[in-house]
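*Asks:* Residue numbers (my numbering), protein chains in the order written: chain W, 1 to 161; chain E, 1 to 262; chain A, 1 to 807.
It should be emphasised that the hints constitute simulated quantities derived from the structure, not laboratory data.
Even glycine gets a Cβ: it sits at the ideal position worked out from N, Cα and C.
There may be inaccurate statements among the hints.
Stated by the list, open to error - Covered stretches of chain W, going by a simulated chain A footprint (3 or more residues, C-beta under 8 Å):
#1 32-42
#2 112-122
What the hints assert, rightly or not - Short, incomplete list of chain W residues facing chain E, as computed with Cβ under 8 Å:
#3 15
#4 18
#5 56
#6 58
#7 62
#8 148
#9 158
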Amino acid sequence: MAQVKMTVNGKAASGEVEGRTLLAHFLRDDLGLTGTHIGCDTSQCGACVVHVNGEAVKACSMLALEAEGAEVSTIEGQANADGSLNVIQQAFQDHHGLQCGFCTPGMVMSTAALLKDNPKPSEAEIRHYLDGNICRCTGYHNIVKAIMAASGQDTGQIAAE
Amino acid sequence: MYNFEVERPTSVSNAVAALGRDEAQPLSGGQTLIPTLKARLAAPSVLVSLTGIEDMKGVRMEGDKLCIGGATTHATVMREAEAHYPGLASLAARIGDPAVRNRGTIGGSLANNDPSACYPAGALGSGATIVTNNREIAADDYFMGMFETALEEDEIVTEVKFPVPDAARYEKFIQPASRFPLVAAFVARFSDGVRVAITGASENGVFRWTEAEEALNGNFGADAVKGLSVSADGMIGDLHGSSAYRAHLVGVMTQRAVASIA
Amino acid sequence: MPKDGGIGASSKRREDVRFLTGAGNYTDDINIRGQAHVFFLRSDVAHGTLNNVDTSEAEGMPGVVRIFTGADFEAVGSIPCGWQVTDRHGDPMQEPRHPVLAHGKVRHVGEPIAAVVAETLGQARDAAEAIVVEIDELPAVIDMKEAVKDGAPKVHDDLTSNLCYDWGFVEENKDAVNKAFDDAAHVTTLELVNNRLVANPMEPRVAVGDYSRSDDQHTLYTTSQNPHVIRLLMGAFVLGIPEHKLRVVAPDVGGGFGTKIFHYQEEAFCTFAAKACNRPVKWTSSRSEAFISDAHGRDHVTKIELALDGDNNFTAIRTDTYANMGAYLSTFAPSVPTWLHGTLMAGNYKTPLIYVNVKAVFTNTVPVDAYRGAGRPEATYQLERLVDKAAHELGVDPMELRRQNFITEFPYATPVAVEYDTGDYNATLDKLIEISDKAGFEARRKESEAKGKLRGFGMNCYIEACGIAPSNLVGQLGARAGLYESATVRVNATGGLVVMTGSHSHGQGHETTFSQVVAEMIGIDESMVDIVHGDTAKVPMGMGTYGSRSIAVGGSAMVRATEKIIAKAKKIASHLLEASESDIELKDGAFSVAGTDKSVAWGDVTLAAYVPHNYPLEDIEPGLEETAFYDPSNFTYPSGAYACEVELDPDTGHVTIERFAAADDFGNVINPMIVTGQVHGGLAQGIGQALMENCAYDSDGQLLSASYMDYAMPRASDLPFYSVDHSCQTPCTHNPLGVKGCGEAGAIGSPPAVVNAVLDAMRSGGKDVGHIDMPVTPARVWAAMHGAEANAARVGAVGSNAKPQPE
């Protein structure tokens, strides 16, 4: 066992972990931050996406010890200070960009990373950016639409609700 | 995963020392190694993380060579190589997905030499030099077959030096599940010749398609390679495509790469 | 004008806030103090005699609590099958025993052999590797047609063969159908494969067993679409626990698509082991485990024929299907290729004579059961590919051939035992032509051709049957369960209310939709209604969510219970208003006396019910809580027409979906936003089946597509924006909301449109191949475009589900 310390959602966090403990398990099991989900074991589904030092990473493909000293942010830290949904979260609700909710934390975290680098992504850019985030419920239509809306783009021309 | 200890050296020499321990293995971005460990297909007792070694990170020009530290992520190459070697930056920009690119490294990819990985095509197609803690290895001497390289035990990729071609293009046809290349071609046009490297196709891993190189040296255009084909013998045949299909795609991807920079 | 609440409003989902903030409560988020973890040691061979399982070394490994093997479950029941099919000779299907842990034999890769309970999952897995398993490998039975040949190795030695049943439907019509083919002016024949799929909800399955010695109470937390069904099957048939001692809780469920309907060994194990170890026991499936332990879907091999007269009227349909059951009978497996498939073979057409033969076959593969659509996608795919092929053979417009044969008068009794209550197939087809912009297709084709690409347009119609019912009928058909639904409406003193529904949500947004219905009925704000589901300790015995039944059956039960509430509340109001009950009207949350300005608010009535100071105690009891059980009189029959436009790269065979349009008739719609979302998701799964998803075994029974590295899940970049319309509405005639169900339509209706479009694109490139099997991968398209020489070599995959990749 080894000691690990990091900052999670702005608060100091630490724990005793095995070498093999994944960041995703540390967040879920040691810190109780169960919003980070685990949907595959081959680093593809993206349900576990968090930000480490401002960059989107898959928390199931990174050891907890590799996040030593890092600034980590998770879905639990995304809402506004008053608890209301942030712009991305609100767009996902407004445009029905989620159904079962399991992929949703990863989708929101990936979207935040996308919009930081590319504030007005095109539809094609959004779709390609989500190559590492699998959703089985929505068929992606409303996720893409929500991301366009969250980036202030007109979604009126997109078919259907 | 089996349990292991984690060492996080901050210098190459400390990393090499740590790798001298019993059953030690280097860990770079981990985007292949960690899934492999989860499947219990490897059982190191010590993982030596290379991501804390600042000397192994970064993209810089040294003379006419683009030098990329072994622990540099794909995302960094995507951003920082763009001004120097856009063909390579474009390859890096299409590896895996954004979160994978934020962790995965060039050294990790080249050390693993997955027969369907992108970087081996970029390195071989550029005629790059793989720099380790011990020596420099020409790309032509480095790739030894599927998951096989010239690296010795305890040898790590500290840097990769790329000659910068006049133009280069990576054309990738994805396998729809893994999003690795089913077949991809990297074509680089230098003033003294053309190099064509193919990944995803061969059971021996990345290879140079010399016949295409010769044809393109005489006449750099898609037509030059139109009549050429590689043999299906030795090509990978699996659920996603037969060896004949892969052999066919070698031609199509090469033509498209050439056409885009001709 | 769109409404801002109630029935017909696109109310935003109340579920979303917790899911968007990481506050959802999925089963894997549940950790009970003192819990141990289980790791299942699974068979890595497809078929073999299990000679010995030696756990002696593993027992002493760090952290091990206890190791279980098949011997520990000898006194425990078999995992039951919930549906008994009777074959065409009147005999019951062959039904093998299905142990919790393998005993005597292993029958598929992934079958659990031993279970290690340890302090941590890592320790459990470490110890599992020290278990020594001795298996004498036997030849694997993978290909269905080989499996039913004389002398084939048997999956179950105590059964007479690998044939589970040979079902004929309608057997009495067989001779007449054959005669119609003899008399036909034209016969179109098609052989096809409906590829095996893995449902892949993003949340893997999880089970947590808990046991309290002090009151002999078992609790199972599980990722289930129907916790009461699990309680009944596991309690009564496997573990012998009476229902009052067994609570099953399914909290937030991260997608299901059918695969979380079934009762699985891991649930029974965790419940059993929690008592045996006297501590909570948790299992969390990895995705790798999910591929070899979640029930798979589809996997039919079919020959279908259509007879037409000289005027292109359909006169008969004849089908011959092999349906893979896998190694054991999963909960509802036998019903899928029979009653959920044969009954849909009329489709949207007035074909007078139909005969369906289905041979269900045991193989050494993971069990196969319902997956989104379950039997209906298989029926639709056959029929709509067949009609398209007939149109091309006859040189007529595929759309017009369909239109000519549409059923236009309702109710309509099909020759396959069901009666469609309503529908308007011309209306949805007309709507499709509009929203797909078929008129603009030729111009778009020219644009594609200018880029060196081929473009194709394909369409199909579909009919779907939701809310399987009524219980007395399905009982005769072999169901070992009722198919009603329950609801309790509990009104609180201050007027808010809680609906406890036997339906469950695994992403469909029931908390929102169901609240809209009750709020509308009473005339109160949706925020005054809460929905409780997924807990057998809270909800009356219900049947859960599958088969697009929730609004049609569960919603109807809720309406009935709410009607009882309103009836009683009117009595109370009539007392308070000193008026005749027949004069009381409920509107906008207030009771008034017709023709007067006298009224009393909803909250005053509910308060009176619980503080009955001024109350007709001599006539009615205090309180305001009602329960209803609703058993539908018929299925509901959504229908529609779908169109797909593809672009095909002739150099690589790669197909992209450029446009997809869906015109559905779901009857009345409660929340259009949610209904549209359901269609989107179904379309993605149907397009996924058509283009890329393929669960394939090799001839040794090893799963070739055992992770996301090889099983292609559709990504955002594989799919377009869809054009979805559900403005054609013929309300269901036999349920109170006039609703039909929308959960599966997209997955049922989309695969034939995709394949028809790909074939159209190939034809436009001068290549008419007649048929191409799903998934229409680039390799397959390229091979088909390049003719026979491309099909010379094969890779290892065999079997119905895994047609060798053509070379």
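*Asks:* With reference to the structure, classify each hint as holding or not holding.
*Replies:* A quick look at each hint next to the structure:
Chain A is given as covering the region 32-42 of chain W, and this holds because 10 residues of the stretch bring a CB closer than 8 Å to a CB of that chain, at least three being needed. Residues of the region 112-122 of chain W with a Cβ under 8 Å from some Cβ of chain A number 0, which does not satisfy the need for three, so the listed coverage is violated. Here the hint on residue 15 of chain W is broken, as its CB sits about 14 Å from the closest CB of chain E, past 8 Å. Taking 8 Å as the C-beta cut-off, the interface hint given for residue 18 of chain W holds, the closest approach to chain E being about 5 Å.
Nearest Cβ of chain E to the Cβ of residue 56 of chain W: about 5 Å, under the 8 Å cut. The hint holds. Taking 8 Å as the C-beta contact cut-off toward chain E, the hint placing residue 58 of chain W at the interface holds, the least distance being around 5 Å. At about 6 Å, the closest approach between the beta carbon of residue 62 of chain W and any beta carbon in chain E falls short of 8 Å, and the interface hint on this residue holds. With its C-beta approaching chain E no nearer than about 18 Å, residue 148 of chain W sits outside the 8 Å limit, and its interface hint is violated.
Proximity of residue 158 of chain W to chain E is violated relative to the hint, the smallest CB-CB distance being about 23 Å (cut-off 8 Å).
Consistency with the previously given hints fails for numbers 2, 3, 8, 9, ordered from lowest to highest.
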